[in-house]
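Novice: Chains X and R: place on chain S using the hints.
Chains as they are written, first to last, in the working numbering: chain S, 1 to 322; chain X, 1 to 281; chain R, 1 to 337.
A few of these clues could be false.
The calculated DSS-like cross-link candidates involving lysine-lysine, where the alpha carbons are at most 25 angstroms apart (straight line), are [what the hints assert, rightly or not]:
no.	chain 1	residue 1	chain 2	residue 2
1	R	256	R	208
2	R	87	R	256
3	R	303	R	272
4	S	58	R	299
5	R	256	R	328
6	X	222	R	294
7	X	222	R	256
8	R	299	X	222
9	R	294	R	38
10	S	257	R	180
11	R	208	X	41
In silico contact screen, one side only, chain X against chain R (beta carbon under 8 angstroms); selected entries [as the list claims (entries may be wrong)]:
no.	residue
12	54
13	182
14	218
15	219
16	226
17	240
If you're looking for bench data, these hints aren't it; they were derived computationally from the structure.
Owing to the predicted nature of the structure, the values given are computational and were not obtained by experimental measurement.
Idealized CB from N, CA, C, for every residue including glycine.
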Amino acid sequence: MATASRSVPGRARTFFQNVRAGDEVAYLITFLFAASVLLVTAILVYELWVKSGPAIHKFGFSFLRTTTWDPVNDDFGALPFVYGTVVTSVIGLLLSVPLGVGAAIFLSELAPPRLSNTLTFLVELLAAVPSVIFGLLAIFALVPLMRSYIQPALIGAFGWSPFFKGPAYGVGVLTASIVLAIMMFPYIISISREALIQVPREQREAALALGATRWESTWDAVVPFARLGIVGSIFLSLARALGETMAVTMVIGNDPKINASLLAPGYSIAAVIANEFTEATGDLHLAALVELGLVLFLITIILNGVGQLLLMLTTRQGTAKS
Amino acid sequence: MLRIWRRAVNNVMLSLTGICAFVTASALFLILGYLLWNGGKSLDWNFFTKLPLSPGELGGGMANAIVGSAKIVAIAALLGVPVGFMSGVYIAEFSGKAMANVIRYSADLLNGVPSIVIGIFAWTVLVVPTHHFSAWAGGFALSLMVIPVTLRATEQFLGQIPQSLREAALALGASKWKSVATVIIPAARTGIMTGIILGVARVSGETAPLLFTALNNQYWSKGFDEPTSSLPVMIYTHAMSPYDDWHRQAWAAGLVLLGLVLIANIAARMVLARGAASQRG
Amino acid sequence: MRSTVLIAAVLAMAFPAAYAAETINAAGATFPAPIYQKWFQEYHAAHGDVQINYQAIGSGGGIRQLTEGTIDFGASDMPMTDEQISKITRFKVLHFPTVLGGIVPTYNVDGVKAELKFSQETLAGIFLGRITKWNDGALKKDNPGVNLPGADITVVHRSDGSGTTFVWTDYLSKISGEWKSKVGRGAAVNWPVGLGGKGNEGVSGQVKQTPNSIGYVELIYAVQNKMPYGLVRNSAGVFVKASFDSVTAAAAGAAKNMPPDFRVSVTDAPGKASYPISSFTWLLIPDKIADATKREAIKGFLKWMLAAGQNDAAGLSYAPLPQPVVAKELKQIAEIK
Chain S
1 MATASRSVPG RARTFFQNVR AGDEVAYLIT FLFAASVLLV TAILVYELWV
51 KSGPAIHKFG FSFLRTTTWD PVNDDFGALP FVYGTVVTSV IGLLLSVPLG
101 VGAAIFLSEL APPRLSNTLT FLVELLAAVP SVIFGLLAIF ALVPLMRSYI
151 QPALIGAFGW SPFFKGPAYG VGVLTASIVL AIMMFPYIIS ISREALIQVP
201 REQREAALAL GATRWESTWD AVVPFARLGI VGSIFLSLAR ALGETMAVTM
251 VIGNDPKINA SLLAPGYSIA AVIANEFTEA TGDLHLAALV ELGLVLFLIT
301 IILNGVGQLL LMLTTRQGTA KS
Chain X
1 MLRIWRRAVN NVMLSLTGIC AFVTASALFL ILGYLLWNGG KSLDWNFFTK
51 LPLSPGELGG GMANAIVGSA KIVAIAALLG VPVGFMSGVY IAEFSGKAMA
101 NVIRYSADLL NGVPSIVIGI FAWTVLVVPT HHFSAWAGGF ALSLMVIPVT
151 LRATEQFLGQ IPQSLREAAL ALGASKWKSV ATVIIPAART GIMTGIILGV
201 ARVSGETAPL LFTALNNQYW SKGFDEPTSS LPVMIYTHAM SPYDDWHRQA
251 WAAGLVLLGL VLIANIAARM VLARGAASQR G
Chain R
1 MRSTVLIAAV LAMAFPAAYA AETINAAGAT FPAPIYQKWF QEYHAAHGDV
51 QINYQAIGSG GGIRQLTEGT IDFGASDMPM TDEQISKITR FKVLHFPTVL
101 GGIVPTYNVD GVKAELKFSQ ETLAGIFLGR ITKWNDGALK KDNPGVNLPG
151 ADITVVHRSD GSGTTFVWTD YLSKISGEWK SKVGRGAAVN WPVGLGGKGN
201 EGVSGQVKQT PNSIGYVELI YAVQNKMPYG LVRNSAGVFV KASFDSVTAA
251 AAGAAKNMPP DFRVSVTDAP GKASYPISSF TWLLIPDKIA DATKREAIKG
301 FLKWMLAAGQ NDAAGLSYAP LPQPVVAKEL KQIAEIK
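Just chain S, same shape as in the assembly:
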């Protein structure tokens, strides 16, 4: 490859020139790929911003406050969708966090290793199930169950409160929340379990040495140590739930209204975009939908950022080793 010049320093110089050239090329190539990631993300944000321009221009911040969604009269407000998105995700969290963290504690602290590994493996497979399949199961299995048994039971027991009023449709906000909860399990369990495993043995052993019961050592000594990681997992799952489209669209009822009752139909941002995007005949309608997408994107970024931060803090504080 290189024709060395006669003297040793000369040969060394050409050698280093070649080396450096190869490195430069490698640096450049990988840099270009990395820059393309940056570029694509920037273009995406830019496109979203531009395409929602007409709606931002017309409605300004009141878009986030108004509740009308009227394509005939070109009057659009985001509040029912933000409400639906947030409520289904929060209730989904309320259902899945206790179960998920409980399962994570069991898998990391109490289960024998082989059982723990097998169950964790199976739970992580649940994370791979595509959301449209959850939707399929929700329509044919969950909705009839809700309509025939669960919702009537809730109405019977709690119908006096504003949260459980109304006919048993089967579909609705609660049904969508349950589907989201099932989809969030794997994330909460696997990330929390990782956080719990990283807690140093000394914590647990110290608590036990002081006379704590198994549960007390877990709950009072180990879990607090891992709490940032657990909370981080909650944020990340929440971010995923907010953007969940297919499963929610199929069971939420598609009604852009804000209703105190959990048994009423609702609408989420992702669901309305999926339903109305290809058919939005007016330009303002389209812009309003894109603006909804932008709102969702912003909420997701913030939540993801907080979640990642918490996870990072855990790995720095939680582990004493390495």
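Specialist: This is chains X and R only, laid out in the frame that chain S set:
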């Protein structure tokens, strides 16, 4: 007295956590079981070989959806994996800290974009200017979801390679890029491959980005430039219909899709486990 | 083994030379989707080189995608407005009516096997959310002798932009001043009450699965799914059931006064036998098609559709076009260049 109370609390709480684990694991079994039962009943040879027929006519299948999904996912992998991989190499091996943080943040942003919004973006950028729906547009949309996963996996596993290996390669006279290409990356390859397989498997089940990009097709799509049918979109349209035969086909498609995704996941994890074992040993 | 077969199949699909068929892409209304899919399948069987891929994404979708140029032609249950037509600068849109259909109120009421009758006020009241129970006085008046339960009415409407919705709301606006001012007519409206289903399929699926519900769907969807649908009182005061005859009767008047661009509404048509919620449905064809193969294929299909294709209508519960309309359309085909 207190001891009895504490012991009782201990037993109750421990059992509760066990119940939690049992409940969540049984959710998976129920899902798989239900899908296997309904899907298995509906799966027949027609499904894999015939094209969809209009509602009310029996005997149709989703052969074009299976091939369509394969085409779209192949494009997504071809576009997304190299970009994600090279960017991961850049962050892990070549860049300075500031640039690495910027790229990593931008990949996280991309990862956080809801899949429906990715669909809108791909529609705006590819479908409208070229005036047609295509497998390219669908594959492009999915590749945007493959990039962050691949990037993170590459960076993570390269980062796990101990610095001593890098120094040893350099000490032996290899240039930086040669040491990365021939020593570091091969050392991390099982982890990286696992991440890639998992990422690609995940996007193969995505529906929302395909709704406005690849649309759907009753026939075979020629090449990559036409609307292309895919399993997730077929499941969606068939499940929402009132026809019993279409529901039956939606189950079958769901089973096939889930089967493929699970096989990919299990294979990836086995690769990782074997790779880790061989490195330790 | 299967993977090699799959890879071979993918490679085969990837090479256009392997196929002689030209795929034409169309999208739009779900209202006529059953007959369009049958037509395109039949036409492909007779002319193997023509493949028309029709995706039922809703009338609004058909119009938008045609405007963006991502499909070769569209389909819609509502004629395009002047504003929508002016947005397309590349060509003029030609409206080709294909069939007539009726939109029916389909319901699922516990214990009711009889056919329910709906007067104009009742129908408007239900969809406005003023009539909330099945045993409301208005429903009882329309249906003497029928044992209606005291259950709440669950209304189901479309969640997507729909020509079916356009026709339904067009009708409601004509017969109810309150509806006209409160909601209006359109492909997507601000519904006072109800759940949303996607497409005619989604609404009929929802009604079928939800007890004590009512929704509006194209006649064929109710028939194919063996769902009961009600009679509607027309402008002559007669309760009419949607059928081949009653829909044809509604179109009879329109045939004489068909405007040259074929954009006309036949809801609440006069005549004792007319079904009041009837509508034409149109194919939206560009008047300039650059690709010669596609152009000839589309023209050929249109000619076939206006002749042999019309025979399929009755079997799928649509009404064929009146003869004078067919003659006018054949002339319009010549405008496609």
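Novice: Run every hint past the structure and note whether it holds.
Specialist: To see whether the hints hold, each was checked on the structure:
Our distance criterion of 25 angstroms between C-alpha atoms is broken by residue 256 (chain R) and residue 208 (chain R), whose separation comes to about 39 angstroms. Among the hinted pairs, residue 87 (chain R) with residue 256 (chain R) is inconsistent with the structure: their alpha-carbon atoms are about 30 angstroms apart, more than 25 angstroms. The hinted pair formed by residue 303 (chain R) and residue 272 (chain R) fails the criterion: a straight-line CA distance of about 33 angstroms is larger than 25 angstroms. Of the supplied pair hints, the one linking residue 58 (chain S) and residue 299 (chain R) is violated, its CA atoms being roughly 43 angstroms apart against a limit of 25 angstroms.
This hinted pair checks out: residue 256 (chain R) and residue 328 (chain R) have alpha carbons roughly 11 angstroms apart, not beyond 25 angstroms. Distance check on the hinted pair: residue 222 (chain X) and residue 294 (chain R) sit about 16 angstroms apart at the alpha-carbon level, within 25 angstroms; holds. With a CA separation close to 45 angstroms, the supplied pair residue 222 (chain X) and residue 256 (chain R) exceeds the 25 angstroms bound. Of the supplied pair hints, the one linking residue 299 (chain R) and residue 222 (chain X) holds, its CA atoms being roughly 23 angstroms apart against a limit of 25 angstroms.
A hinted pair counts as satisfied when its Cα atoms are at most 25 angstroms apart, and residue 294 (chain R) with residue 38 (chain R) qualifies at roughly 20 angstroms. The straight-line distance between the Cα atoms of residue 257 (chain S) and residue 180 (chain R) is roughly 21 angstroms, inside the 25 angstroms bound, and the hint therefore holds. Between residue 208 (chain R) and residue 41 (chain X) the CA atoms are separated by roughly 23 angstroms; this keeps the pair inside 25 angstroms, and the hint holds. The interface hint given for residue 54 (chain X) is met, as the beta carbon of that residue sits about 4 angstroms from the closest beta carbon of chain R, less than 8 angstroms.
The interface hint given for residue 182 (chain X) is broken, as the beta carbon of that residue sits about 30 angstroms from the closest beta carbon of chain R, more than 8 angstroms. Taking 8 angstroms as the C-beta contact cut-off toward chain R, the hint placing residue 218 (chain X) at the interface holds, the least distance being around 6 angstroms. Because the closest C-beta pair between residue 219 (chain X) and chain R is about 5 angstroms apart, less than 8 angstroms, the hint holds. With a least beta-carbon distance of about 6 angstroms to chain R, the hint placing residue 226 (chain X) at the interface is held under the 8 angstroms criterion.
For residue 240 (chain X), the suggested interface contact is upheld, since its CB lies about 5 angstroms from the closest CB of chain R, less than 8 angstroms.
When the structure is compared with the earlier hints, violations turn up for hints 1, 2, 3, 4, 7, 13 and for no others.
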